[in-house]
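So you can see what is in the structure, the chains are spelled out below.
There are 2 protein chains.
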Amino acid sequence: MSTTTTALEDLVRAVRPGGADDDPAAVLAAGAWTALVEPGDGVAGALVATLGAVDALDALRRNAPPSPNPEVRRAFERWAPRVDDGAFARAFRNAAQLGARLLLPGDPDWPGGLADLGLHAPLALWALAPSGPLPALGRSVALVGARSSTAYGDRVTTDAACGLVDRGFGVVSGGAIGIDGVAHRAALASGGLTVAVLAGGLDRLYPAQHVELLHRIARQGVVLSEMPCGARPMAERFLKRNRIIAALSRATVVVEAGARSGATNTAGHAAQLGRPLGAVPGSVYSATSAGTHVLVRDYGAVLVRDAADMAELARDPDEAVMLDGLEALEAPQDLHERRVLEVLAKRPRTVLDLAARAGLSVADTGAALGMLSLGGSAVEGPGGWSRP
Amino acid sequence: MSTTTTALEDLVRAVRPGGADDDPAAVLAAGAWTALVEPGDGVAGALVATLGAVDALDALRRNAPPSPNPEVRRAFERWAPRVDDGAFARAFRNAAQLGARLLLPGDPDWPGGLADLGLHAPLALWALAPSGPLPALGRSVALVGARSSTAYGDRVTTDAACGLVDRGFGVVSGGAIGIDGVAHRAALASGGLTVAVLAGGLDRLYPAQHVELLHRIARQGVVLSEMPCGARPMAERFLKRNRIIAALSRATVVVEAGARSGATNTAGHAAQLGRPLGAVPGSVYSATSAGTHVLVRDYGAVLVRDAADMAELARDPDEAVMLDGLEALEAPQDLHERRVLEVLAKRPRTVLDLAARAGLSVADTGAALGMLSLGGSAVEGPGGWSRP
Chain W
1 MSTTTTALED LVRAVRPGGA DDDPAAVLAA GAWTALVEPG DGVAGALVAT LGAVDALDAL
61 RRNAPPSPNP EVRRAFERWA PRVDDGAFAR AFRNAAQLGA RLLLPGDPDW PGGLADLGLH
121 APLALWALAP SGPLPALGRS VALVGARSST AYGDRVTTDA ACGLVDRGFG VVSGGAIGID
181 GVAHRAALAS GGLTVAVLAG GLDRLYPAQH VELLHRIARQ GVVLSEMPCG ARPMAERFLK
241 RNRIIAALSR ATVVVEAGAR SGATNTAGHA AQLGRPLGAV PGSVYSATSA GTHVLVRDYG
301 AVLVRDAADM AELARDPDEA VMLDGLEALE APQDLHERRV LEVLAKRPRT VLDLAARAGL
361 SVADTGAALG MLSLGGSAVE GPGGWSRP
Chain E
1 MSTTTTALED LVRAVRPGGA DDDPAAVLAA GAWTALVEPG DGVAGALVAT LGAVDALDAL
61 RRNAPPSPNP EVRRAFERWA PRVDDGAFAR AFRNAAQLGA RLLLPGDPDW PGGLADLGLH
121 APLALWALAP SGPLPALGRS VALVGARSST AYGDRVTTDA ACGLVDRGFG VVSGGAIGID
181 GVAHRAALAS GGLTVAVLAG GLDRLYPAQH VELLHRIARQ GVVLSEMPCG ARPMAERFLK
241 RNRIIAALSR ATVVVEAGAR SGATNTAGHA AQLGRPLGAV PGSVYSATSA GTHVLVRDYG
301 AVLVRDAADM AELARDPDEA VMLDGLEALE APQDLHERRV LEVLAKRPRT VLDLAARAGL
361 SVADTGAALG MLSLGGSAVE GPGGWSRP
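Chains W and E, in that order, give the protein sequences. The UniProt record's numbering puts the first sequence at residues 1 to 388. The UniProt record's numbering puts the second sequence at residues 1 to 388.
What follows is a set of in silico ranges between Cβ atoms, one per label pair, in the way DEER data are often shown:
no., chain 1, residue 1, chain 2, residue 2, range
1, E, R204, W, G274, 49 to 59 angstroms
2, E, R315, W, E342, 24 to 34 angstroms
3, E, R315, W, G230, 50 to 60 angstroms
4, W, A259, E, D159, 17 to 27 angstroms
5, W, R155, E, A151, 14 to 24 angstroms
6, W, A259, E, R315, 18 to 28 angstroms
7, E, R73, W, R155, 53 to 63 angstroms
8, E, K346, W, P382, 30 to 40 angstroms
From chain W, some residues computed to sit far from chain E (all C-beta separations above 10 angstroms):
no., residue
9, R62
10, N63
11, D116
12, D154
13, R204
14, P207
15, F238
16, R347
17, D353
Take a look, some chain E residues computed to stay more than 12 angstroms from chain W by CB distance:
no., residue
18, A20
19, A49
20, L51
21, D107
22, T350
If you're looking for bench data, these hints aren't it; they were derived computationally from the structure. Glycine is no exception: its CB is placed at the ideal position from the N, C-alpha and C atoms.
In isolation and in its complexed conformation, chain W is listed as follows:
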């Protein structure tokens, strides 16, 4: 399938409804980057921040890494197989057919909270939303939790989402079955703003049971993804997606979660971003409250009972959650964490530096740092990451 430049520029205009002043090459390059990298790729973040999307893409096309850093070289090797103008064009065409738009970091309606993700912020976001500027997401709470939610968790979520909407908050979640879905539905039913952040492309709505719900959210709220049309929702992308849920929201509340669930991963992102973290208590015999109890006991999450507590948690954006405990309560679970822990020093080191020393990708290093940070074994300061 071939696409002329002119047709491509039409597609660019289609996904940038308010973008009269756009440089089409910049939009195309930003969209291409969403197809080139996996979510949260800090090397891409650094490269695009330094060169801009167009020159960064040009360097990649010429296989000319702008730095001798081996991690940059490895990143170029990782990205090169995805340089495919046909695939970029398909991503734009499918987005245009869906009525999706492409949000760029410089846009007035680019969510400000994403800036806290630094080099791990999405390079662009694909969005399904009513026409006009994207609603402001600055006053939102993330309600997340187990896919295998209980009647109790569903009831808490419903009451919380409705109460948050009544208090003028948007409800951000991940579109999954269980707590996520209940949160979205209750926010919609209350006439409030709800935002679903997906792990795959907007033409791959997932899960199948929620296709109708996601269409409704697209009509009344916002559906977002940092992945382009065509991208499958894969396990790693769900985990990375969680950082966007946390960054979009003033506070993240875990309603129900197993001891090791994706929701506690989102909680880890919230804590890492210094955003307030809340957890709803429940029966000590409920497997789906085991995770929330751990968050309160061991990770400094605030026990929240209802929408009033959650609104209080979200009220002051400067109020950071202090992570309790200076040592990891559990040994690092996987090789990446152990390797990053070994190269962490008292003196701060950048993620790039640590990744190079650990022999890991920047993304894996960032993920490992996130988990280590959650356990108190790594802290981020002005000069980078260090041991506490």
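Once you have looked at the hints, place chain E on chain W.
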């Protein structure tokens, strides 16, 4: 009814089975003081600590306050109507008939944890227990909670008490229906030590539904009261009794409690004593978990899920609970607290001084200080109490 001195000395020996070296006058005076004062009377504590029970009683009989302090004078006026040798003799006789004994602060088996109560420690304790020295109570956890417990709270309490016994802990509680009773029964069923601290005399076992249970505890554990035989269990005595439950235990755990319950009063005593405080989470819709959630959210209680968590909480007796929040979350509820708050200054003042300024008894002042302290409006330092 008259009682000769010789008969009295027989009664003294009866309630002091191991007390061959006792001075009968000292035992009699200590027992008399339990009948003279209401629990936690700090003026009595100071007087007996200064003069000894015998000389303090003698000063009272002669109406010769050893200090011009108006609070001491008021205390003498308060105690004088209860100077009644017939009543003292009846208290000893009834105790002897029950097989109760009188524990004195100098005894080898006097519970060491009570020392932290300072001048508010009991002047003596009446005990029903198997013969021989009182079992050591130094490794105990207080399990307390709502009289109107739910099936959930009863189950948590049963599992916790059994698990604590398995880990070598005694279980202290208040003998009430609801959580207290379940805690005692489960500890007994596990073959462990359990201690019931009552608000009235040992001949007035209360509540009526628990007379048989309390008899079983007396045979297999310990039933304690700072009140002599004949004393009715009155509301104020229940609240003051709670300080003994907290002081006997390395940690206090509230399993279920309404928003304003006696169990949270016990929790306040534990926090005031610097003892670890735990609270069990539950449904946010359960009225009997409302109090435990408040303790976790607002008073720094540790969320505990099971006996393992409670044992961990009780492990290190030096680990004090830091009370969160420097300002009271609620305005002082009653006149006493308001009056004490008014006379608290930046400069520390003694309880006696504050009581005199507030026009309250030392006991009421102490109780008000306890509540104010729980809310963060009063702090105790080397020189006494002050505003934070």
